[in-house]
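Hey, can you work out the whole structure from these sequences and the hints?
If you read the protein sequences in the order shown, they are chains A and B.
Reminder that position 216 of the first sequence reads as 216 in the numbering used here, one-by-one numbering, no gaps.
Reminder that position 110 of the second sequence reads as 110 in the numbering used here, one-by-one numbering, no gaps.
Calculated lysine to any residue pairs in the SDA-like style (CA-CA distance at most 20 Å, straight line):
no. : chain 1 : residue 1 : chain 2 : residue 2
1   : A       : Lys229    : B       : Ser293
2   : A       : Lys229    : B       : Ser278
3   : B       : Lys236    : A       : Phe123
4   : B       : Lys473    : A       : Thr40
5   : A       : Lys150    : B       : Phe365
6   : B       : Lys236    : A       : Phe122
7   : B       : Lys473    : A       : Leu26
8   : A       : Lys70     : A       : Phe60
9   : A       : Lys111    : B       : Arg398
10  : A       : Lys150    : B       : Ile376
11  : A       : Lys70     : B       : Ala507
12  : B       : Lys473    : A       : Val47
13  : B       : Lys522    : A       : Phe64
14  : B       : Lys473    : B       : Phe543
Hints are computed from structural coordinates only; laboratory data are not their basis.
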Amino acid sequence: MTTLGVLLVLALLLVVFGLLFRLQILTSIFSGSSARELGTSNRVNAVLMIVFLVVGGAAFAWSFGDNFNKMNPPIASVHGHATERMFWTTMIIIGIVFVLTQVLLFGYSYKYQHKEGQRAYFFPHNNKIEIIWTIIPAIVMAALVFAGWKEWTRITGPAPKDAVVLEIMGKQFNWLVRYPGRDMKLGVVNYRLIDATNEFGFDLSDKSGLDDFVPGEIHIPKGHPVLLKIRSRDVLHAVYMPHFRVQMYAVPGMPTKFWFTPTKTTDEMRAQLGNPKFDYELACNQICGRGHFAMKYKIIVDEPDDYVAWFSQQKSFSEQNPDVLASLKQKEEKLVVKKAAAVIETPAAKASL
Amino acid sequence: MAANLPTQAQVQGGIGVTESQITHDEHALHDDHHHDQHWLFKYVFSTDHKVIAKQFLITGIFWAILGGTLSSLFRLQLGWPESTMEWLTPVLGKWVEAGKLNPEFYLALVTMHGTIMVFFVLTAGLSGTFSNFLIPLQVGARDMASGFMNMLSYWFFFVSGVIMFISIFLETGPAAAGWTIYPPLSALPQAIPGSGMGMTLWLVSMALFIVSQLLGGVNYITTVINLRTRGMSMSKLPLTIWSFFLTAVLGLLSFPVLFSAALLLIFDRSFGTSFFLSDIYIAGQALPNVGGSPILFQHLFWFLGHPEVYIVIMPAMGMVSEILATNSRKPIFGYRAMIGSLLGISLLSFVVWAHHMFITGMNPFLGSVFMFLTLIIAVPSAVKTFNWLATLWRGNIRFTSAMLFSIGFVSLFISGGLTGIILGNAALDIQMHNTYFVVAHFHLVMGSSAFFGLFAGVYHWFPKMFGRMMDEKLGYIHFWLTFVGVYLVFLPMHYVGIAGFPRRYYAWTGFDMFSQFADLNKFISIAAILAFFAQFVFVFNFFYSIFRGRRATENPWRSTTLEWTTPVVPGHGNWPGEIPAVYRWPYDYSKPGAEDDFIPQNVPYSKTTSSNLPYENDNE
Numbered sequence: 001m002t003t004l005g006v007l008l009v010l011a012l013l014l015v016v017f018g019l020l021f022r023l024q025i026l027t028s029i030f031s032g033s034s035a036r037e038l039g040t041s042n043r044v045n046a047v048l049m050i051v052f053l054v055v056g057g058a059a060f061a062w063s064f065g066d067n068f069n070k071m072n073p074p075i076a077s078v079h080g081h082a083t084e085r086m087f088w089t090t091m092i093i094i095g096i097v098f099v100l101t102q103v104l105l106f107g108y109s110y111k112y113q114h115k116e117g118q119r120a121y122f123f124p125h126n127n128k129i130e131i132i133w134t135i136i137p138a139i140v141m142a143a144l145v146f147a148g149w150k151e152w153t154r155i156t157g158p159a160p161k162d163a164v165v166l167e168i169m170g171k172q173f174n175w176l177v178r179y180p181g182r183d184m185k186l187g188v189v190n191y192r193l194i195d196a197t198n199e200f201g202f203d204l205s206d207k208s209g210l211d212d213f214v215p216g217e218i219h220i221p222k223g224h225p226v227l228l229k230i231r232s233r234d235v236l237h238a239v240y241m242p243h244f245r246v247q248m249y250a251v252p253g254m255p256t257k258f259w260f261t262p263t264k265t266t267d268e269m270r271a272q273l274g275n276p277k278f279d280y281e282l283a284c285n286q287i288c289g290r291g292h293f294a295m296k297y298k299i300i301v302d303e304p305d306d307y308v309a310w311f312s313q314q315k316s317f318s319e320q321n322p323d324v325l326a327s328l329k330q331k332e333e334k335l336v337v338k339k340a341a342a343v344i345e346t347p348a349a350k351a352s353l
Numbered sequence: 001m002a003a004n005l006p007t008q009a010q011v012q013g014g015i016g017v018t019e020s021q022i023t024h025d026e027h028a029l030h031d032d033h034h035h036d037q038h039w040l041f042k043y044v045f046s047t048d049h050k051v052i053a054k055q056f057l058i059t060g061i062f063w064a065i066l067g068g069t070l071s072s073l074f075r076l077q078l079g080w081p082e083s084t085m086e087w088l089t090p091v092l093g094k095w096v097e098a099g100k101l102n103p104e105f106y107l108a109l110v111t112m113h114g115t116i117m118v119f120f121v122l123t124a125g126l127s128g129t130f131s132n133f134l135i136p137l138q139v140g141a142r143d144m145a146s147g148f149m150n151m152l153s154y155w156f157f158f159v160s161g162v163i164m165f166i167s168i169f170l171e172t173g174p175a176a177a178g179w180t181i182y183p184p185l186s187a188l189p190q191a192i193p194g195s196g197m198g199m200t201l202w203l204v205s206m207a208l209f210i211v212s213q214l215l216g217g218v219n220y221i222t223t224v225i226n227l228r229t230r231g232m233s234m235s236k237l238p239l240t241i242w243s244f245f246l247t248a249v250l251g252l253l254s255f256p257v258l259f260s261a262a263l264l265l266i267f268d269r270s271f272g273t274s275f276f277l278s279d280i281y282i283a284g285q286a287l288p289n290v291g292g293s294p295i296l297f298q299h300l301f302w303f304l305g306h307p308e309v310y311i312v313i314m315p316a317m318g319m320v321s322e323i324l325a326t327n328s329r330k331p332i333f334g335y336r337a338m339i340g341s342l343l344g345i346s347l348l349s350f351v352v353w354a355h356h357m358f359i360t361g362m363n364p365f366l367g368s369v370f371m372f373l374t375l376i377i378a379v380p381s382a383v384k385t386f387n388w389l390a391t392l393w394r395g396n397i398r399f400t401s402a403m404l405f406s407i408g409f410v411s412l413f414i415s416g417g418l419t420g421i422i423l424g425n426a427a428l429d430i431q432m433h434n435t436y437f438v439v440a441h442f443h444l445v446m447g448s449s450a451f452f453g454l455f456a457g458v459y460h461w462f463p464k465m466f467g468r469m470m471d472e473k474l475g476y477i478h479f480w481l482t483f484v485g486v487y488l489v490f491l492p493m494h495y496v497g498i499a500g501f502p503r504r505y506y507a508w509t510g511f512d513m514f515s516q517f518a519d520l521n522k523f524i525s526i527a528a529i530l531a532f533f534a535q536f537v538f539v540f541n542f543f544y545s546i547f548r549g550r551r552a553t554e555n556p557w558r559s560t561t562l563e564w565t566t567p568v569v570p571g572h573g574n575w576p577g578e579i580p581a582v583y584r585w586p587y588d589y590s591k592p593g594a595e596d597d598f599i600p601q602n603v604p605y606s607k608t609t610s611s612n613l614p615y616e617n618d619n620e
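This is the structure:
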């Protein structure tokens, strides 16, 4: 009933608005104001252009300054400092162009508003000016491309040989992380072996997988290159770590990688931010379904010594899940038997034909 | 303003009058014949380009309102993630669960908003309306090369829209994998319910939409190449036509690639192929597919997807060039440079697609190449901007509603375009990819800009479409509310993006690092919803003016191009008599020595000896 009432009131309001509008038009026609309209309304709009430029510009500058600290996630990686510098340098360059062009746009709009008896200046082209303003952006772009290209090649270049390796696997809707264990080799996995306990699809017939461990949070050492091996077992995800300026898709069927060097431990960052509860976070940044917005994982940057201590305390997956190991062996034996049977059966079957 | 208007004879110039006096019997008969057409063929299954244009426009308005409503819904969620949505139950039904929006439905909202706005509004609604309406009128043709194909183009679009619309009401919801429909999410109903029937209908709808685009595109290209009137050389075409022409070329070359992507995806979804699927374990089951690549889909998708943003923006650029020149009463500055930059943008738009994929695991060397090509495209865009500014310089500017929206377009294009320089840089894209920085960037540079181009076009050509004027005061109100609103929405969105907020998040409340901008998000939501409601001023003005607007004259803006030499409401065949011939370029505004401050294209140089430049005297 109330909804109906509200709708009725809205409808009546619309009717009233329509009538008022009609009245306004009729009066303006009778008073003959439409002939003079260009004069007043043109001036009003021209002034509004300047008001927009000044008030809008001031509001923009104020809000940008006001939010500046909030919009910069603290940086904790080596390449992050470089890209951050480049980001703000580029921002300054485009900021200058932004201010210049907007001031000209609204300034000209105001200055060259229609005046009775004034005639526009017939100025169809000027090759000199046009060449200049083609070449200048081209040069600036070339410089930016070159800087970007150098940084990009450095970041995406091969990881140092001594990098700490870990694997991050995305799934709906959380992350799974795997370290290679003492042998520094990640074991073979097979997506067909995945089940509720063996979430990685460990193929434990591969011995290098026996010491792999699956912790509940990521630990990485400060000042040491870290190589992330990234994959997904269902849909696309993206490993996104804003504090380290790290982002890379997790693609099913195509392993990807990203390496970086963390520069601040979690404790150092907590002290710097004055926030004892601070933690580095890993988020998913490629739409992956219902839980996309909640794929959070904790990253802890340790001093190298602490990292080593943590690393040596971890129990391997096979050790923690002896039943998986056993069932895998069983599966494997069955597979072998089946294969053998197939080998025997085929000639037999053929013979029986 | 009415007092300033010249008489029809003045507008058409001497030559126009004499030529139209030579009766053209055949066509006159033709005209009469069409007057007693059945209404069904006159207004519904019409082959007249002007009617088809209006059909595209009104359908586009419908979709724009729907697309805007969807965005208001998800902005409610983003602005007030903790509050109850119970009050929306009467509309959304089961998608509100225990007072909360269903997260999958949220993703469906985002997906449908993107799909509707990009394809149905800014591709079909914008280019469909104005390419159809203006190409024959401005090149001096009676109609499109094939009126029948043109009609099919609209009706394919219509059916495609019906299918997309139906998909919204499915039990499992519409497509929800983002408007880019990346597989495997879009291929597997186990991954998200929207990838079931919703996605099937999405693909079918898009396939029909592509057919519509191709039918339209072939027509636009053929008409521009073959049906130009006497004297209308390519170098005398208005910039609108150049932009529609190149837009059609882009569409014709890129939409088939999207079609192939859609087809392969249909195969993967329904016939067990593995083009895009490999090594997948989902819903407790390992799928048999191996060897496919989800990245392949992205290459195919963006091979259309990137030209698509230019398909959206170039018609707006063309119309804005035209409107800026007309209302500054000045020739567009650097006409040839404007064509050159359109050509440059068109060419480059085909070789920059992988900048959407820098961090997908694609070979980094490829990333370097695409970064280089992407940043080059800033040069023609910069040239266009400078030329627009130079057009305003020392003009005699009349702020019609169309002019306001054109100035707004330039402003938004600058603001949005500049941040493209950041995103095109692969090293910076590592952090910015898929954040709200990207969302803010493309909503300014192609979303809002193209919308402004659309509004400018509607206000400017409304008199020729419906024979009446739109209300200018409401136009001003609409412009200022929208302009301020758009900036209030998208400027702060950059801050959120720089802070690294990911897009397509149902809520950011789960993360400490994304917790700092709750107030700003609320602010953005309020601004977005208000800006959306401001659009109803336009809707009212539009429909009211169709029936009750002030009556228009033949050439209310005192413009030079051919469409203004037609009667107030051009009938079938556009010109009652012979089609006027063209003698000069379309931008003879405020020419020194000329009596009036504009000389229409159909006025020969022999009639304007006082204003001719030295070389123009020998031109005939």
